[in-house]
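There are 2 protein chains.
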Amino acid sequence: MSESFQPFERLALIGIGLIGSSLAINARAHSLAKHIAISTRRAETLTRAEELGLGDSFHLQAADAVKDADLVILCVPVGSVGAVTKEIAPALKSGAIVSDVGSVKGSVIAQMRPHLPEDVEFVPAHPIAGTEQSGPDAGFLELFEKRWCILTPVQGASEAATERLKTFWIACGSDVEIMTAEHHDRVLAIVSHLPHLIAYNIVGTAYDMEEVTQSEVVKYSASGFRDFTRLAASDPTMWRDVFLNNRDATLEVLARFSEDLSVLQRAIRDGKGDQLFETFTKTRAIRREIIEAGQDTPKPNFGRTKPPKKWEG
Amino acid sequence: MSESFQPFERLALIGIGLIGSSLAINARAHSLAKHIAISTRRAETLTRAEELGLGDSFHLQAADAVKDADLVILCVPVGSVGAVTKEIAPALKSGAIVSDVGSVKGSVIAQMRPHLPEDVEFVPAHPIAGTEQSGPDAGFLELFEKRWCILTPVQGASEAATERLKTFWIACGSDVEIMTAEHHDRVLAIVSHLPHLIAYNIVGTAYDMEEVTQSEVVKYSASGFRDFTRLAASDPTMWRDVFLNNRDATLEVLARFSEDLSVLQRAIRDGKGDQLFETFTKTRAIRREIIEAGQDTPKPNFGRTKPPKKWEG
Numbered sequence: 053m054s055e056s057f058q059p060f061e062r063l064a065l066i067g068i069g070l071i072g073s074s075l076a077i078n079a080r081a082h083s084l085a086k087h088i089a090i091s092t093r094r095a096e097t098l099t100r101a102e103e104l105g106l107g108d109s110f111h112l113q114a115a116d117a118v119k120d121a122d123l124v125i126l127c128v129p130v131g132s133v134g135a136v137t138k139e140i141a142p143a144l145k146s147g148a149i150v151s152d153v154g155s156v157k158g159s160v161i162a163q164m165r166p167h168l169p170e171d172v173e174f175v176p177a178h179p180i181a182g183t184e185q186s187g188p189d190a191g192f193l194e195l196f197e198k199r200w201c202i203l204t205p206v207q208g209a210s211e212a213a214t215e216r217l218k219t220f221w222i223a224c225g226s227d228v229e230i231m232t233a234e235h236h237d238r239v240l241a242i243v244s245h246l247p248h249l250i251a252y253n254i255v256g257t258a259y260d261m262e263e264v265t266q267s268e269v270v271k272y273s274a275s276g277f278r279d280f281t282r283l284a285a286s287d288p289t290m291w292r293d294v295f296l297n298n299r300d301a302t303l304e305v306l307a308r309f310s311e312d313l314s315v316l317q318r319a320i321r322d323g324k325g326d327q328l329f330e331t332f333t334k335t336r337a338i339r340r341e342i343i344e345a346g347q348d349t350p351k352p353n354f355g356r357t358k359p360p361k362k363w364e365g
Numbered sequence: 053m054s055e056s057f058q059p060f061e062r063l064a065l066i067g068i069g070l071i072g073s074s075l076a077i078n079a080r081a082h083s084l085a086k087h088i089a090i091s092t093r094r095a096e097t098l099t100r101a102e103e104l105g106l107g108d109s110f111h112l113q114a115a116d117a118v119k120d121a122d123l124v125i126l127c128v129p130v131g132s133v134g135a136v137t138k139e140i141a142p143a144l145k146s147g148a149i150v151s152d153v154g155s156v157k158g159s160v161i162a163q164m165r166p167h168l169p170e171d172v173e174f175v176p177a178h179p180i181a182g183t184e185q186s187g188p189d190a191g192f193l194e195l196f197e198k199r200w201c202i203l204t205p206v207q208g209a210s211e212a213a214t215e216r217l218k219t220f221w222i223a224c225g226s227d228v229e230i231m232t233a234e235h236h237d238r239v240l241a242i243v244s245h246l247p248h249l250i251a252y253n254i255v256g257t258a259y260d261m262e263e264v265t266q267s268e269v270v271k272y273s274a275s276g277f278r279d280f281t282r283l284a285a286s287d288p289t290m291w292r293d294v295f296l297n298n299r300d301a302t303l304e305v306l307a308r309f310s311e312d313l314s315v316l317q318r319a320i321r322d323g324k325g326d327q328l329f330e331t332f333t334k335t336r337a338i339r340r341e342i343i344e345a346g347q348d349t350p351k352p353n354f355g356r357t358k359p360p361k362k363w364e365g
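If you read the protein sequences in the order shown, they are chains A and B.
All you need for our numbering is the position in the first sequence, starting with 1, plus 52.
All you need for our numbering is the position in the second sequence, starting with 1, plus 52.
Here chain A stands alone, though its shape is the one from the complex:
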């Protein structure tokens, strides 16, 4: 963390899943806030957050957590941000920065903005980081390290507020990019939403095959299939909300994907080896770029280690 970072007086985290808990751990480790107030609706989850020592105060009512907070971050599924914003709006401190971590930005802005008082600074954010795990136990310090966080400030927010939230994310280890919500939603549709949809779909297809048993799918999954199961193990609520809230961009890239797939399908049917070879060569290059950009490991098989194991039959 840079020496010059001025900690927030009170950080309110509404929702304490993977992202919320990772933010709490970062805020504590890097002294980003003097007080961390945590709220979540389920009493059981709140108790767990308290057991883990993730914050300084714990609240079943989101409005209690945001009181006197100068930074409020909604860490709930994107389908819930409207209701939560409505609930906390009357309790928000004048001048507070209100942000979120949602994977869709257009819909989040549309849901939150109407409820927000004029005297708060609204700066939506999206950290491009995650794992397939969820809940308060899933959080860890390094989650945001060397990962991008995209801010999509809306008209009316001050540059100072955007700048302050930017330094917060940098202190968490992120690099920060600023773009419009519309562009964000298009970019994420192709790099994140479509990949998740495809992963969910292929795992579903395999699950429902008549001629191949589920046990066979599991046994031979190291031949490719298992790579998809990680994304397809992501939080169902979060992803349901993503698709419902980034519908148009997702359907658009999905149409492109299906069109491209028809071309490959035809090439296979017609035995066009040269065309397949050309496509498969082109795609190889993009992985090299991702590794060079530090966004994935160069180790074979993602550097997976094999677990010590008992064999199934």
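By construction, these hints were calculated from the structure, which means they are not laboratory data.
Treat the hints with caution; some may be incorrect.
As the list makes no split between identical chains, a pair holds if one copy fits it or if it spans any two.
What the hints assert, rightly or not - Taking lysine-lysine pairs in the DSS-like style, the calculated list, with each CA pair at most 30 Å apart, reads:
#, residue 1, residue 2
1, K138, K86
2, K198, K351
3, K138, K324
For clarity, every value in this text was computed on a predicted model and none was experimentally measured.
Chain B: place on chain A using the hints.
Just chain B now, kept in the frame of chain A:
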């Protein structure tokens, strides 16, 4: 390796890519053959195999390598096995076990069988193991460890030959399953061939987007996309041949995949959240099964480590 394993007199490996070189390393480490003869068509690759000390003798002509060999394993792309078999057939020793490592079995049998003399034992094999890397430098000892190897013995091969090849693969760390070539090709179509095709396709789609730059795709790839780039970085020749040689089974599972995708697409368009939630919950279970079966790591993000890195702009 079991104490009772009787080493082969001469193991001939035709082709020395990821699988061939990993087999050579295993044969040496576990004393599975008294002599390892290596052949590959490209002089440069053969020289590299020799520099790496992968074998005892090195041959540009496959026929020279198989002479006096009691185990011959073709480790070439499945599109080349017919031509290679034709070439080595006259030099094969009577009673030799002839095998391969191809990802498709029906086509491999159809290509190889007509050329093989009656007095050799033909036992096709497919180790379900690999990485996205290729070439003689990619091989390593642990590749087959705790991974399945499928044998698809054809009519005419003796049980003794199948049993002997089975012990060879067990000595390499594999567990061995026996099934028909036809069933193998159906199973692999869903667990391996479709996943690779989909991965190649989605990476191709992202590459060709007009509204999102390639640099953005690379930067934000940790949000899901990067998982697909590993499979899409696999050897283009190998995969061209797989699709051309397992055409019918691949097209069949692809049709199923597309049908399922249309259902998801419709659910998104119609805002059917419950249906999406149900699908995404079902798929989560299959990853747990894969982890319990020891076929993937339980660590978040495949246990990837972040490379020390210089940022791009």
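Is it within, between, both or neither when you check K198 against K351 at 30 Å Cα-Cα? For K198 and K351, the Cα distance is within 30 Å both inside one copy (18 Å) and across copies (19 Å).
My question is about K138 and K324: at a cut-off of 30 Å on alpha-carbon distance, are they close within one copy, between copies, both, or neither? between (57 Å within a copy, 24 Å between copies)
My question is about K138 and K86: at a cut-off of 30 Å on alpha-carbon distance, are they close within one copy, between copies, both, or neither? Result: close within a single copy only, 26 Å intra versus 76 Å inter.
Hint violations for this structure: none, all hints satisfied.
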